[in-house]
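Novice: Assembly of the complex is requested from the two constituent chains, each provided in isolation within its own frame, with the hints serving as guidance.
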Amino acid sequence: MKEPVILHVNGKSHTINVDPSTPLLYVLRNQLSLNGPKYGCGLQQCGACMVLLNGKAQPSCMMPVASAKEHTVTTLEGLSQNDKLHPVQQAFVEEQAAQCGYCLNGMVITAVSLLNENPHPDDKAIRDSLHLSLCRCSSHARIVRAIKRAAKTV
Amino acid sequence: MTGCLTIGFSLGGFSYGYSSPFGQELPESLKRNPNINAWLEVLANGNVRVFTGKLELGQGISTAIAQVAAEELDMQMEKVEVILAETGRTPDEGYTAGSGSIEHSAMAVRYASAAAREKLLQLAASKLNTPVEQLNIENGKVGIKSGNHTLTFGDLLQGKQITDEVHLPVTLKPKEQYRLVGKAIPRADIGWMVKGEPVYVQDLRFPGMVHARVVRPPAYDAKLLKLDEQYVQKNVEGLLKIVKNGSFLGVIAEDEYQAIQGQKLMRESCTWSASSLLPSTGETNLKDYLINLPVESERVREQGKITSDNFTHHAQYFKPYIMHGSIGPSCAVAFRDKDMLHVWTHSQGVYPLREALSKMLNLPLENIHVKGVPGSGCYGHNGADDVAADAALLAIAYPGKHIRLQWSREDEHGWEPYGSAMIMEVAANLDNAGKINDWKYEVWSDSHGTRPGGRAENLLVAHYLERPFIPKSGGFSGGAYRNAEPYYAIPNQQVDAHFFKGPLRVSSLRSLGAYANIFATESFIDELAEKAGKDPYEFRLMHLEDERAKDVIRKLRELTKGQQTIEGTGIGIAFSRYKNSASYCAVAAKVAVDTKEGTVQVQKMWAAIDSGEAINSDGLKNQTEGGMIQSASWTLREQVKFDDHHITSTDWASYPIFRFNDVPDVEVAVLNRPQEEPEGAGEAVQGPASAAIANAVYYACGKRIRDLPILPHKIKSEANDKKG
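Just so you know, the protein sequences line up as chains Y and E, in that order.
For the first sequence, counting from 1, position 65 maps to 64 in numbering that gives the first Met the number 0; every step adds exactly one.
For the second sequence, counting from 1, position 353 maps to 352 in numbering that gives the first Met the number 0; every step adds exactly one.
Extracted from the complex, chain E is given alone in its bound form (with noise of 0.2 Å):
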């Protein structure tokens, strides 16, 4: 059940609205801290500090919670300060991933901060000798209705916090009432990077901080036989310290330049052992090459039953590995403080990292502090946890000084775990009316998620320690078959997920296995609609029951009429549910086709979602636009590459993303849904807008592009012709 029943009743001019507690339901990361006082404080200039236990990625999260805390406190923005995840700090709320952040924090914040409205109302009507409904509260203070006299924050708390507990039921702001929530309040943060304040890792500066840079094998499974190091030591000027530590390498030096000399040195002067070989058999035999490898299978769903072999139709589908590519580099700084460890990251997860560097290092965990501080974005687990493992064996190295180490471009192409390479295959059957009555999916993948976790083997330099720490194989599969299941209608089904362990690493990128199986899906889904003779938008229509659903279709369709088509453009459309159950998101591509040279130009895109209650409106557009770009992106663009003995996709030379001649113009509607729950967004477009692509792929030239990315050799190939 979606939504909650709002009564509303006026005494005295006063609005109370309350929902039904049978609608409500704490979030989790509440139930797990439930005192008022995890959440916020009151300062002493009356401002409010509100602790997440999220980080800031540039989904503009820090925002929306401050909104949502200014929302139920009756506050202005500025008045309202968010502190990001920091151990022994903010709550633990695990990862800021999955989209989680608006629905988890951000809901955990607005009913604590709710909580604590209704508790210092409390306060100041027993102090006023005064009924809670004839009190008002605004700009931080409590007063009568029809007086003069206030009570700030301050005053009603004398000094102490609120260390009450949140129960249901939680007295919420009406949704008419609110001044800030779904409205597009612009960021604070944006005002200080323009600046050039200190925002990021990166920027951190500390007195008699130290420079440092790790190097890394020549393969993921070479070990170090030698390194010169007296002549490393007489060539770097500055050089403070070499770490070894079996296979791990670092130096640490006075000034960064140093640094990046040492680095280069110990490269030359480093002997590595012979490593195992890659299956370096070039992009077309590598989907050949997987689908080979020996899996474990799960029988994802199984509904009614498949009865014939014989399928209208069924094709198969490819998505290489592809890297998060983070503009900045992984970055991190660590300090050994006496018995103490303190470590600044962007990690996604302060509490997990800590538990893994906990174990990895054998040190307590109440020895370990480790605070986010946003790096630039990361679009799932990138270098971020890596470089702080890194960091925090250098300081132990090296203690008394805080050591900043940054990875460089070549670290972090080379090493990040990428989104997995998986193959797809579907098959369905019509009925007479050109209803889709069987349908047969597979997927094989590798892991979507091998984050720290509390795990040091999860950790990249645990492997390579004198002591290390082995990986198991594994992680999370689930991730595999997200968005495997098909939203639509269709009495049965069967889907099935191969898990294989393939060549390279691999750990969350940015939705998962949704990006691969949506694009699978929703291509398929154009493929059968052309088969039936319908129209993509009908037939999509016709399948689905959820409302919802229909209305960012038809939102697209309304956004999209009268868009016209010469010979050589075409328009494709897809759509998909993030994970089934989070936001709507209809998608919308206009790409021109140069069958010559085998271009593909994307001249706009549209989309229209749907994330139940806006938090902030702007902030969903920002996400939505720059998802279907970034994905617009992988698909035209993207694969890493690799050799014998490891990754050739070092640069941005050698992993070309999208630049801004390459940029589609964009146009994206929210529907806004109040009475909803808030989704996140940052995951719902980048599927449909694959799928969006090559579709309208297909419709300006005639090619069936099933194997990303979308190359100009592809176009020109014969294979890929209209031929069915």
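Only chain Y is shown next, with the shape it has when bound in the complex (with noise of 0.2 Å):
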């Protein structure tokens, strides 16, 4: 049953009828048109559904819309102002930290998130935040070195 669900996405606020029980993710990607979360695995084991709830990187595919409505929801999308990128996602440009990139978005917001809280991690802090991101193309190395490359410049 769909009702209305007032979620605020990447500063602004919308007014969606949808069925309150479906994944967060589905809302942003199809009735939001975002492109930043993807479906990896609809199981919270890869990480490429990641978003900022309230600034801290969460996964999206399993998390009932409903649940996300008193918070704010930033994707990729919301991460640069006025067409300005964010560090990491500069860093990940610099680093050419991608092949596919379809895990990217979960590396992008988890480094957000982590900078959020720990402006100066070293390797250990980074590999251990991305524990719940996969990269099958194996692009760990330029990832780790992007998220370092930012944290000089956050």
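Don't read these hints as lab results, they were simulated from the structure.
Since we're looking at a predicted model, the values are computed, not measured.
Certain hints may be false.
[Stated by the list, open to error] Computed beta-carbon distance windows for the label pairs:
{"#": "1", "chain 1": "E", "residue 1": "Gly433", "chain 2": "Y", "residue 2": "Pro118", "range": "22 to 30 Å"}
{"#": "2", "chain 1": "E", "residue 1": "Asn660", "chain 2": "Y", "residue 2": "Val153", "range": "17 to 25 Å"}
{"#": "3", "chain 1": "Y", "residue 1": "Pro118", "chain 2": "E", "residue 2": "Leu464", "range": "54 to 62 Å"}
{"#": "4", "chain 1": "Y", "residue 1": "Ala65", "chain 2": "E", "residue 2": "Tyr230", "range": "54 to 62 Å"}
{"#": "5", "chain 1": "Y", "residue 1": "Val153", "chain 2": "E", "residue 2": "Trp271", "range": "52 to 60 Å"}
[What the hints assert, rightly or not] Chain E side only, calculated, beta carbon under 10 Å to chain Y, not exhaustive:
{"#": "6", "residue": "Leu56"}
{"#": "7", "residue": "Gly57"}
{"#": "8", "residue": "Gln58"}
{"#": "9", "residue": "Glu117"}
{"#": "10", "residue": "Glu164"}
{"#": "11", "residue": "Asp202"}
{"#": "12", "residue": "His210"}
{"#": "13", "residue": "Ile326"}
{"#": "14", "residue": "Gly376"}
{"#": "15", "residue": "Asp617"}
{"#": "16", "residue": "Asn621"}
{"#": "17", "residue": "Gln629"}
{"#": "18", "residue": "Ala652"}
{"#": "19", "residue": "Ala668"}
{"#": "20", "residue": "His712"}
Glycine included, C-beta positions come from ideal geometry on N, C-alpha and C.
Specialist: Spelled out as structure tokens, the structure:
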């Protein structure tokens, strides 16, 4: 049964008519046409669907949209301000930290969340923070380098 | 003969270099599509649009192709756009596979762009009444070297395209003048990805688009007996259609979550026939099961004569079934628009897919349009073609709307075609000087290629239709013995391949048989080196005649010089030349082994790679870094598991792969040889990486593991102890 759900996403409020048990991922991608969070497994095992919930990285593939309604949701699209890339996004570009790039959303969102809490993470802190995120093309080395680079500029 | 003779001379300060006609050869795809405008068009705004029959898979090929075109036409990268594989629009270049995109597509674009350049100069010469040698081409304009007057490509072409055919000789830009090729030009698509711009087939959205899911059987040969359609109709809001064709089941709904709920309810309300059992005898017995299957055999190589059965050393190696494991499960969009069928797909071969769909659906080729759109990394033949076929069936059943079909994680893990399990047996004789005299190699494998290739029966869904297409056994068997022949100089060699029909669905996975064959060969080479009392580097060098092979090994030795190992750590090396004709790669791995827990931590990996002329040096590095880590994950973690009925590796918990804390530091040195043929690098490192790790494990703890993956219980097991 559909009902109106109010979401705050990337600085805007939306009233969406949707089944409240729909995982947030599908509402963001379909009702709000956002590309940032991606479907990877629907099981919270791979991190492709990460979003920032009040500034902290969370998977969105199992969270019912109704439980997001009091919170601020930020996706990849909401990281840049006035066409200027967020330092993490910029660092990923500079380090060319991607091959297919499908996992990149999870990596960038997790990195932003990490740097919000710990502006000077060491290698171990970076790797630990990414424990939920899988990369099959195996761009891990570049991803870690990009996050270290971003930490210098944040 | 590799490389080409380059003669350079200057006239009025403007240098020409051209390759001797005896060295030049037009790439195959260019021979098949010789018109320049098949490969590039000049747009009204002065940009150049390049067409490739290949697909961007994350390997950076769209950037490399743009570099090559921009180089020959002396344009800025931003002014060159690349159109990826699309039927009726781009050349048919078969499959984006086998590391062939640089060698084939990029080189076709190079020659076509260079030929276009020649034509534009000729047009300008005639218009400006000036000899070609006095003209300059830059930034989309042609002008007289010493003058001010310039003509744009648009001025010269007057709205027409260059339709001339490309014929040898073609004046290529001399390599000393390169501004772009060989450099680490950044990829534009990464800039789009970080911003969440639509890049993937998963991101496609069309007005009125609807969503679908499929329900696969519980086993390969289970048949649908009953479906309670009414129950599903009643309980799924927004349900638009249930599609049933034989044992193929699909559900279409307005909203994606409704389709997911429909899929769940459909699963619960259908009954299937019993199915034949899979040989789920546990991992150690899979090898015994497979090696005892009936086989067809082929003698791959016979050189000299092996006269004795009394070998210095022999060993058996095993590689399990492993999966592609794409992070983004396969996805396609299909649209039946009156008599046309449009399919958007991340298939590696849009033309062969179109042909297969044409046969499956009984639709003429010209009524099917297939457009390649990047998906997540596929690493070979994964579910991309199959989901496209599923979507096409749904579109035929529900015309007039774009249908987006997304496979679930379980669909992808459980139904993708895997990399075949393989068994390798090696035996060799050393002479008194410690040189290998005899080499006997046997490999057992299933097929390494069941791509659609224009055949309906190779599409997964085709077996399950009301009027099924029956898969024929076989497929591309050559992949099994890729790199089965040693690259070393050994006087007497015998290589045999045995093909079995295994229990699981198989097809091409990155490097095909090379991963397992190089794992076996390079592990065995280390074992022989020990028997011969020789250092692993020296042992390899003394058996190689190719200087380029020796160079990557020497480079690797240089990279790892000074590395120390403490108790419980070890460094291992390996070498191969992919397909014995493409990229050269030497790899070293440093591991730490905890013999109590059996855990192996890969601390660092090094690679030296020679891919001939490097088009994008960063792309090469990226592919090699990633390839080493992916191979480390295969080698230390991965095996597809199954029970009596079906695959049980259905998610990331049941099929674990490397996570961030497993990943080693990596270092890659690229040996760029601009005068050599450019080779692809996507599959060069996987084989040597696995053997380097196995060899390192041996040095770290004395355990020689020959059965992959290298799991803790194998390290702890007595049977693997250093005994010879």
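Novice: Against each hint, give a clear statement of whether it holds in the structure.
Specialist: Hint-by-hint comparison with the structure:
1. E:Gly433 with Y:Pro118: 22 to 30 Å: Roughly 58 Å apart at Cβ, these two residues miss the hinted range, so it is violated.
2. E:Asn660 with Y:Val153: 17 to 25 Å: Roughly 23 Å apart at Cβ, these two residues keep to the hinted range, so it holds.
3. Y:Pro118 with E:Leu464: 54 to 62 Å: holds, 58 Å
4. Y:Ala65 with E:Tyr230: 54 to 62 Å: violated, 26 Å
5. Y:Val153 with E:Trp271: 52 to 60 Å: With Cβ atoms ~54 Å apart, the hint holds.
6. Leu56: Status holds, d = 7 Å.
7. Gly57: OK, holds: glycine 57 of chain E within 10 Å of chain Y, min 3 Å.
8. Gln58: Hint on glutamine 58 of chain E: holds, closest Cβ of chain Y at ~7 Å, below 10 Å.
9. Glu117: violated, 34 Å
10. Glu164: violated, 36 Å
11. Asp202: Holds, because the Cβ-Cβ distance from aspartate 202 of chain E to chain Y comes to roughly 5 Å (cut-off 10 Å).
12. His210: holds, 8 Å
13. Ile326: holds, 5 Å
14. Gly376: holds, 4 Å
15. Asp617: holds, 6 Å
16. Asn621: Status holds, d = 6 Å.
17. Gln629: Since chain Y brings a Cβ to about 5 Å from glutamine 629 of chain E, closer than 10 Å, the hint holds.
18. Ala652: holds, 6 Å
19. Ala668: At about 15 Å, which exceeds the 10 Å cut-off, the nearest Cβ of chain Y leaves the hint on alanine 668 of chain E violated.
20. His712: violated, 24 Å
Violated hints for the displayed structure, listed by number in ascending order: 1, 4, 9, 10, 19 and 20.
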